[in-house]
Each structure stands twice: as structure tokens, then as C-alpha cells.
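Undergrad: The numbering used here numbers the first residue of the sequence shown as 2 and each following residue consecutively.
Hints listed in this document are in silico derivations from the structure and should not be mistaken for laboratory results.
Since this is a predicted model, take the numbers as computed values, not measurements.
We put the beta carbon where it would ideally sit given N, CA and C, even for glycine.
Warning: the hint list may mix true and false statements.
[What the hints assert, rightly or not] Between beta-carbon pairs, the in silico distance windows are:
(1) V82 with I39: 14 to 20 Å
(2) R57 with M90: 20 to 26 Å
(3) S19 with I59: 30 to 36 Å
(4) R27 with S91: 23 to 29 Å
(5) E37 with S91: 16 to 22 Å
(6) L25 with Y73: 17 to 23 Å
(7) T45 with L25: 22 to 28 Å
(8) S19 with G92: 23 to 29 Å
(9) P55 with E26: 36 to 42 Å
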Amino acid sequence: MFPQVAEALLAESEAKASSIERRLERFLRNPRIDVEQIWVELLTQVMPFFRKEPMRIIIDVTSYEEHAQVIYVGLLSHSRVLPLVWKVMSGQQK
2 MFPQVAEALL AESEAKASSI ERRLERFLRN PRIDVEQIWV ELLTQVMPFF
52 RKEPMRIIID VTSYEEHAQV IYVGLLSHSR VLPLVWKVMS GQQK
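Using the sequences and the accompanying hints, generate a full structural model.
TA: And the structure:
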């Protein structure tokens, strides 16, 4: 996932994709970052924009190679899904 995000951010930065990827990884490993709290605050700001139209909730399971599966519930809007909650689970062991 990090390589795709880094490629998307490449147009916004003069840094190389590999450098952006390392920054993202360091940011998410930072113990001072409370991802759950940040997500709650983000959703608090974003959700009011969805009040004008019916909400469509999506439940999906996505495999990440053989190592893990991500199960998530998201809000579908304009052909995009905004993840609301997710859980990463170990993949099948061979």
C-alpha cells in the first residue's frame, strides 16, 4: 500500500517515491500518533457532508498477498469508498 500512496503523493512533492514511502512508514510507526483518535476527528469533520444524500455502506475483505487480509466497512460516495472501520487479520499460512 505504501508504494501506491507514495506514487500518488509524488506529484505534490519534490522528494523521490521511496523517500515518501519511508516517511509514511515512520509516521505510522510513531508511538505518539494516535491513529484511532485522528480517525475519529477526521470522520467528525467529514461525515456532515454526507447528510444530503442516502448513505451506502460497503463491507469488503481485501487480501494483502498471502500475509494478511483487511476487513473493512466503508461509506460509498461518488464511486469511492471512505473506510470507516477496519481490521487487519493474518492471512492463510501454507
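Undergrad: Would you pick out the hints that fail for this structure and give their numbers low to high?
TA: Every hint satisfied by this model.
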